[in-house]
Structure formats: C-alpha cells, structure tokens
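Asker: According to the working numbering, the sequence shown holds residues 430 to 689 in order.
Calculated directly from the structure, the hints in this document are not laboratory data. Hints may contain errors.
[As the list claims (entries may be wrong)] Below, computed lysine-lysine pairings styled on PhoX-like, alpha-carbon distance capped at 20 Å:
no.: 1; residue 1: Lys516; residue 2: Lys502
no.: 2; residue 1: Lys516; residue 2: Lys503
no.: 3; residue 1: Lys467; residue 2: Lys602
[What the hints assert, rightly or not] Now the in silico label distances, taken between C-beta atoms and shown as ranges:
no.: 4; residue 1: Ala622; residue 2: Pro574; range: 32 to 38 Å
no.: 5; residue 1: Asp506; residue 2: Arg460; range: 29 to 35 Å
no.: 6; residue 1: Lys585; residue 2: Ala622; range: 35 to 41 Å
no.: 7; residue 1: Lys502; residue 2: Arg587; range: 40 to 46 Å
no.: 8; residue 1: Ile518; residue 2: Glu669; range: 25 to 31 Å
no.: 9; residue 1: Leu431; residue 2: Glu573; range: 19 to 25 Å
We put the CB at the ideal spot given by N, CA and C, even for glycine.
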Amino acid sequence: MLCREIVQVIEASYPAGAALDFDNVGLLVGRMEKEVRKVYIALDATDRIIEEALREGADMLITHHPLIFSPLKKVTDDDHVGRRVMKLIRGDISCYAMHTNYDVLGMAALSERVLGITDAEVLDVTMVKDGKEEGIGRVGNLQEPMTLGECCVYVKHRLNLGSIKVFGDMDRKVSRLAVSPGSGKSAVAPAIAGGADVLVTGDIGHHDGLDAVEQGLSVIDAGHYGTEYIFIGDMKRFFEEKMPGIEAVAAPVLHPFQVV
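Work the whole structure out from these sequences, hints included.
Answerer: Take a look at the structure:
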C-alpha cells in the first residue's frame, strides 16, 4: 500500500479533525507516495526508536506523540529534532503521528476497558461525532468499592506497572474512578465535577496532587508512558484487522525511567 492509502485508512477511524487545536498530527516526515510494506509502532520517535525502525526495515513509523510539535525554523544536525528528521529522510521512512485525535477516539475508550470501569462517561467532552459525545478520558464505576491502597494494586496490575505515585489517604474507600492517560493536570477539575473519588493519570506535580486531595480527589500518578503505552498494542491490532497485508511491528514496552 502507498503511505497515503494507509493514512486514509487510519483517518477513517481517527480523523485529524478530532485533534485538539494545539496539536500537530498527520504525516510529519516523508513521502505520501512511498510504498509501505512494514510499519513500526511506538509511543515516541526517539533516537532509539528510529534506529530500531531502520534495523527492522520499516517503511513507516507510526507514533502517538508528534516528532515535530513546536514550529521548526531550520532542519540541521544542531538539535535532536532536526537530527531525527534527517535520519528518517535518509532512511526513507515516513513518520506519522496520531496524538489527541487518537486520545479522543481511541485512548479514552481503551483505557476504560483496560481499567475495567463500568457505566463510563466521557471525562472532558471535546467533540460530538455521529451524535455521540467524545473527548479526553473517562469516568465511571469500579466493579466494587475498595480502599485507595487496594485501588493502587488494582491499577498496577491492570497497567502492568512496577511502581506508581499516590496522593491521598490509602485507607479511604473509592468506588468512582476517572482516567486521563498522559499528562493529567487539566483532568483534575473534570474528575471532581464527574464525582470521581480517584483519578488515574500521569505527570502530576506536588502542588497539583495536594490541591486535588484537599478537594476530595485522590490521585494515582501511573506515569505518562505508563498510562499511554497501551497505544502500541492497540495500533498493532488495528493494522492486523484493517490492513492485514502490512507487517506491523510493535516497539517493546520500555519505560523511560527507573525508580531506585
């Protein structure tokens, strides 16, 4: 398939128009007319990921986070983004990003299923598609009430994580859970408005966590990568179902930091 044909299939399910205004999604590097036989799927277009895509002989790199986010005034080897762009062009790898369009139309429902919440609603509505509200995150009910400490164990198991950070009383009973994968500072207010007892998200700072607890919301910070790496396996399944003629290779799950 040509790169543009793959883009058409992806955007039939995750249209670029669903992305938030600040975002930069779509084909960011490469040729729309390139013949694609193998894609490599990852969360970020890091140096390591690009090298792995080259070693795999991939024709196209699919990422969640955009390689190019802020405007570029030049493409040189003086900075890491320019070097990555040049490496992709030299390797003739097209690089496609599906960020908040996937968050709205894919990640939210996926995280709902992974965490097993029921009677879920959209946490932060950003659009209406086919008469249905869509947006960032979900809020719903746990299958049974539990303590915050038990909920931490539950979330670690569901997301297969080695560690998490928690704000709140570990003995407090929780029954309603909100989830906002990625960076979740802005999800605190919608989670409180949605009646959540606990929010699962990432990138929560000291003051954000303290302020949330004082407003009655416990927070489980499972990490930006820890809440979003599920994109990789989901998109591999997407290619296997929608484009079985394309070989889809998933980047190995490798958390970007360690707790020691």
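Asker: Each hint needs a verdict: does it hold in this structure or not?
Answerer: Cross-check of the supplied hints:
Proposed proximity of Lys516 and Lys502 is supported: the alpha carbons are some 18 Å apart, at most 20 Å. Under the criterion of a C-alpha separation no larger than 20 Å, the hint pairing Lys516 with Lys503 is consistent with the structure, at around 15 Å. For the given pair, Lys467 sits about 48 Å from Lys602 by alpha-carbon distance, which is inconsistent with the 20 Å threshold. In this structure the hint that Ala622 and Pro574 lie 32 to 38 Å apart at CB is violated, the actual value being about 21 Å.
Taking 29 to 35 Å as the suggested C-beta distance range, the pair Asp506 and Arg460 does not conform, at roughly 21 Å. Between Lys585 and Ala622 the C-beta distance comes to about 27 Å, which lies outside the given range of 35 to 41 Å. Taken as a hint, the range 40 to 46 Å holds for the pair Lys502 and Arg587, whose Cβ atoms sit roughly 43 Å apart. Distance hint for Ile518 and Glu669: a CB-CB separation of about 28 Å, consistent with the stated range 25 to 31 Å.
Distance hint for Leu431 and Glu573: a CB-CB separation of about 50 Å, inconsistent with the stated range 19 to 25 Å.
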